[in-house]
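Chains as they are written, first to last, in this note's numbering: chain V, 14 to 237; chain X, 62 to 813; chain L, 224 to 458.
Everything labelled a hint here was simulated from the structure, so no lab data went into it.
There may be inaccurate statements among the hints.
Unchecked claim - No more than 20 Å apart at the CA atoms, straight line, and that leaves these computed lysine to any residue pairs for SDA-like:
{"no.": "1", "chain 1": "X", "residue 1": "Lys70", "chain 2": "L", "residue 2": "Met332"}
{"no.": "2", "chain 1": "V", "residue 1": "Lys201", "chain 2": "V", "residue 2": "Ile133"}
{"no.": "3", "chain 1": "X", "residue 1": "Lys73", "chain 2": "L", "residue 2": "Ile360"}
Unchecked claim - Simulated DEER-style distance windows between Cβ atoms:
{"no.": "4", "chain 1": "X", "residue 1": "Ile380", "chain 2": "L", "residue 2": "Asn344", "range": "34 to 42 Å"}
{"no.": "5", "chain 1": "L", "residue 1": "Thr446", "chain 2": "X", "residue 2": "Ser472", "range": "55 to 63 Å"}
{"no.": "6", "chain 1": "L", "residue 1": "Trp457", "chain 2": "X", "residue 2": "Phe798", "range": "48 to 56 Å"}
{"no.": "7", "chain 1": "X", "residue 1": "Ser472", "chain 2": "V", "residue 2": "Tyr151", "range": "20 to 28 Å"}
{"no.": "8", "chain 1": "V", "residue 1": "Asn147", "chain 2": "L", "residue 2": "Lys309", "range": "45 to 53 Å"}
{"no.": "9", "chain 1": "L", "residue 1": "Lys380", "chain 2": "V", "residue 2": "Ile213", "range": "30 to 38 Å"}
{"no.": "10", "chain 1": "X", "residue 1": "Thr480", "chain 2": "V", "residue 2": "Glu143", "range": "27 to 35 Å"}
{"no.": "11", "chain 1": "X", "residue 1": "Phe371", "chain 2": "V", "residue 2": "Asp220", "range": "52 to 60 Å"}
{"no.": "12", "chain 1": "L", "residue 1": "Leu238", "chain 2": "V", "residue 2": "Asp220", "range": "39 to 47 Å"}
{"no.": "13", "chain 1": "L", "residue 1": "Asn344", "chain 2": "X", "residue 2": "Leu77", "range": "37 to 45 Å"}
{"no.": "14", "chain 1": "V", "residue 1": "Asn147", "chain 2": "X", "residue 2": "Leu744", "range": "27 to 35 Å"}
{"no.": "15", "chain 1": "V", "residue 1": "Lys92", "chain 2": "L", "residue 2": "Thr439", "range": "54 to 62 Å"}
{"no.": "16", "chain 1": "X", "residue 1": "Leu77", "chain 2": "L", "residue 2": "Lys309", "range": "36 to 44 Å"}
Glycine included, each C-beta is placed from N, C-alpha and C at the ideal position.
Here is how the chains run, residue by residue.
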Amino acid sequence: MTLLYKLENVSKIYSQRKVKKLVLNQINLAIEKGKIIAIVGPSGSGKSTLLNILAGIETISCGYLYFQNQLWNQLSLKKQLQYRRNYMGFVFQNYNLIPNLTVKENIELGANVVKKRISIAYLLKEMDLEIHKNKYPYQLSGGEQQRVSIARACAKNPLILFCDEPTGSLDGENEKRVLDLLKKINQKRGTTILIVTHSIFVTSIADIVFQMENGKIGEYSPFR
Amino acid sequence: MMLLLNVLKEIKEKKLQTIIIILFLFLSTGIYTSINLALDVLENQYYQYLKKQNVEDISVGFSSSIEKTLKRLSSQNHFDYEVKLSKEIKEKNYYYKILPYQKNIRINKPYLLKGRFPQHKDEMTMLPQFARKHGIQLGDLYSIDKKEYKVVGFAYASDYIYPLFHLALPFYEEEKENIIYVTPWEYQMIKGEEEISYSIDYQEKVPRAFAVKINDKGEIEEGEGSLKIFSLKGIPFTLNTLERMTRIGKLQLEFATNRLLASFLLFLLLFLSSCFLFMATKHQLQRERRQIGILKALGYSSSFILISYFVYPILCVGIGGILGYYFGTFLSPFLIKIFVGSYLLPLPSTFHNLVYLKICLFFPFVFLSFSQFFLTLFVIHKKVIFLLQPEKHIKKTFSYLHRFFSIFPFSFRFRIIFTIRSLGKIGLISIFSFLSSLFIIFILVGIDLFDILLKQTFSASYQNIVYFNQIETKRYSSRDDYILSLDTTFHGNTITVLGIDVINHYSRLKDDKNKDITEKLEEKNSIIINRLIKQKYSLKQGDFLSLTIGGEKKYYHIVGITKDMVGSYIYRKREYVNEDINLVGGYNQIRTNDNSYDRLNSISQTYHICDIKTNFKKEIDRFRLFLSFIMICFFSLFFFLLLFITNIIVEENKKLICLMKVFGYSDKKIEKMVLRIYIPFLLISYFLAIPCMIFLIKKGLHFLAQKMNFSFLITLSWQKILIGLLLIFIIYFSVLFLSKKIFSNMILLKGE
Amino acid sequence: MNYCIRTTNVGKEYLVGKEKRKALKEISLDFKKGEIIVILGPSGSGKTTLLNVLSGIDKVTEGTIYYEEKNISTFSERQMTKFRKKYISIIFQKYNLLENLNVYQNILMGKGKEKGKSEINEIMDLLELKDKRRYQIKQLSGGEQQRVAIARAILKKPKVLFCDEPTGSLDERMGKKILKYLVMINEKENITIIIVTHNPGIALIGDKIILMKEGTIYSEKTTKIRMNPEIIPWG
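Pulled out of the complex, with its shape left as it was, chain V reads as follows:
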């Protein structure tokens, strides 16, 4: 059981116009490699901030953050960027596909950032997107767009896939398809998947579920 991430007493404080807000409050968290982890919680509980911190996009106010047993703060910015480039993939709630690029090109954008990548044709096939190859995002439904987004994130074969409310804009059927896809990626490639969500449905594919409330995190029993 290798740990991808380890957080010790991590806190994050935002200060906005003299008001200081404690967004993350002494988080202790261990993320195992190869698992599907879900973090649920009401809106405003700090889930997205946690995601930003794990991705290295935001800095922590205090505590320790370890990535693959290395202290993140001690890594140079260049190294941090390198890690993010090579090891992390991102899926957003509103897909964030580039409207001027076709499906294939959107995936290429994700793949182009590294040298070693998965063949795009293969990805398209795997995720059932081959018929949409040359279409533009506006021609696809929400579910299809999200699948493109996932393909884009996976194109560089990351160690961990961060998903911020991936099914928030999708209906039941599409939600199921997306979750199935994520599960497939996890099983086939061993990609660690971290999903931040408020949908209970998502927890059905998770190995471990954490609950967040008011900046604090605790374990939650897996829901089957």
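Let chain V serve as the given structure and place chains X and L on it in line with the hints.
Chains X and L in isolation, oriented as in the chain V frame:
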């Protein structure tokens, strides 16, 4: 109201853009107001002066039969005439014009600035400029022709508003030239070259702009208005209109051209600011599409929403326009001082003119609202459902391009797609780059225009030019150059024919490439013209010119063009010019380094080259100031345009850049793929702008050559071109560098 | 006045590229005043399109829609906007708030006048927004923004309230709370509420459940009693 608050908050967000637009408005209205107000005041002063001092409408040379004719005509045609006497004295290096002062002068009344006019025979009044330069106070003594006079007053001669004594002395030298009034009986005593003419002044209202046509024969052709009366046959007279026109009317040309400039600058700056606003609004509307849809869905009417978009231009116009107007009124007295500086016109006091305030508010408002109105209208009337959905950026035709480019690597494809996704943006960026390139090229050309002119014109190796009263044949030192100089008219203008020896020391004729072409004058009917003549009359080497030298009209062959650009000079072999006037070995000018000629009695004048150079520099200093001002304006425009372009590029791609950063693209790679795609357009615009600007400048110089007696040589070396390119890139990359800070916020990627 | 909505043979057709797509086919419905209607269906079934045409932000290509005696399918854009201002409120899936204003000001946009300060306070209390009164929209999380949108929609006490996936970005607790409030408002002010969702549990709080499939009405059920939002199954 809530909507107003929304707009005000938007303004807070777009502080830089608002400041730039207000600055442009401020500059444009300020410049426009200051120039126009100054001109208003000056013009008012000028015409009042002309009226009060009863300045002549026209003058005619003296001949015996004219007096009778004038008397007869004057009662018929309601004009007044008066004899004008003046004597010229050249003493040392000073040049005096002596005029008799009578209390009952009707036409061209002198204007007293200080003191009083002479009443006794040892009193005089002189020009205040001359007095100032020599520290002469009221009550001091001054001597002319070995006689001492007491200076009792300072006055202007009202028909010498621009003190051009004659065309041989094209520039007014304050410390050398003086206009002096003495009592009429003292005037009789003074020895000097006398000029007699009649000044004619119409009593009824006559258009002040002269319209005289003098044909090649020196005859007056049917002019407009009052001059028709003089086309009666059988009256021999000479009309010195050119000189007098310059003395009185030169200022009018300035009025016209400066007003034109003011309007040009106003509209140019307004156009640019409305372009800015257009782009910014387009951008804003793209972002606010949803918002507009929401407002409509909430039930707010289209017209209500439209009105809220006008708050911004009204605010900008209000601030920029009003501030600009007041700045202009503040600035105009200084401008007046600068204008009046080289003219003999009493300094007027300024006044306000609220018409300009209205102009300063009206035109900017029209320009700014234009873009707002059309853009907003276009968006607002769409159906709510369209507004709520994100815009579909793809035009179907471009999808073919995607397939076409599929063989290229991804980075390249990506850049192409991003570049062509919006032709409008490419167009705008290209136009703005083109405009800013035009400006920077103008500056690069203009920056040493005067220095080159000075260098080219005053590269002579001789120090002195000695003028003789009449044509001499006695030879002095063989180390000097002997020149025969004759004036003739060409197309109504006076030009000087210089007869030079082919073998000479100081007067080598060189063309643009610095090749010596003096030998070409050996050809029998050859002439060599200078650059000014070439530009003024659009001539070229090989053309034939018909000139009247010594009374005979002949065709001359242009065998070369010299590089000097000051003065209208045509060169011919001295021997041939002598032949034309039936002389042998004649000359009336010597170019030498020798100072000993001053002792000769037959000398009329000696010019020292360094003096001419100094005076020339002074004359063009004003012009240079003006040019510098234009260059500063242009540079700011250049700078802001580039700033704006790079800002657009960064703003448009904020979300994409953020996404790419999250994906792990390095800053460098992002720059390469997203931010540098417009560089080819910058380059193309720059290189296209070079020939365009050169063409425009050449046209301008051609126009200039017509009006003035000097012209410029345009140089744009490859070093200059590189400097311009470097400047563009420095600004471009500085802005990109400064905007890197905004890129790493993931919040941008969250909500849509 | 008994505001009821009646649609007769409503159809909506539009172009996707070169193809014509029929999003709605022969929809005939009848809503009574004060009803809570829930429209269910998978994505692509046309439920959002139906909501768009019913609320007037899109126009039908066939058929008529009557609000009592008024035929809104013949209204011009301007007339529709006026009508909407008076009688209709819409809550969108993507909140659609004005980013430059704060929470309080956004809610105020719903009514357009400063009157009714107490009403705003009451609504803000209920949606737990009181302490976020001066926050900028950008500072709020997704769920908080949705609450603001709902507050804005309810402020003017419309006759009909349309809700397009109102609980889409909310967790169970907040989602149920929203539904409770919607029910309360319906009971208090007799506002007709039409909810479009893919969450079948929500359908149970309504009077009428309409199932849509591929642009047509698959089934139409009238429930005998409304279920309390707190106990509905979620997901």
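Under the constraints set out in the numbered hints, which ones does this structure not fulfil?
none
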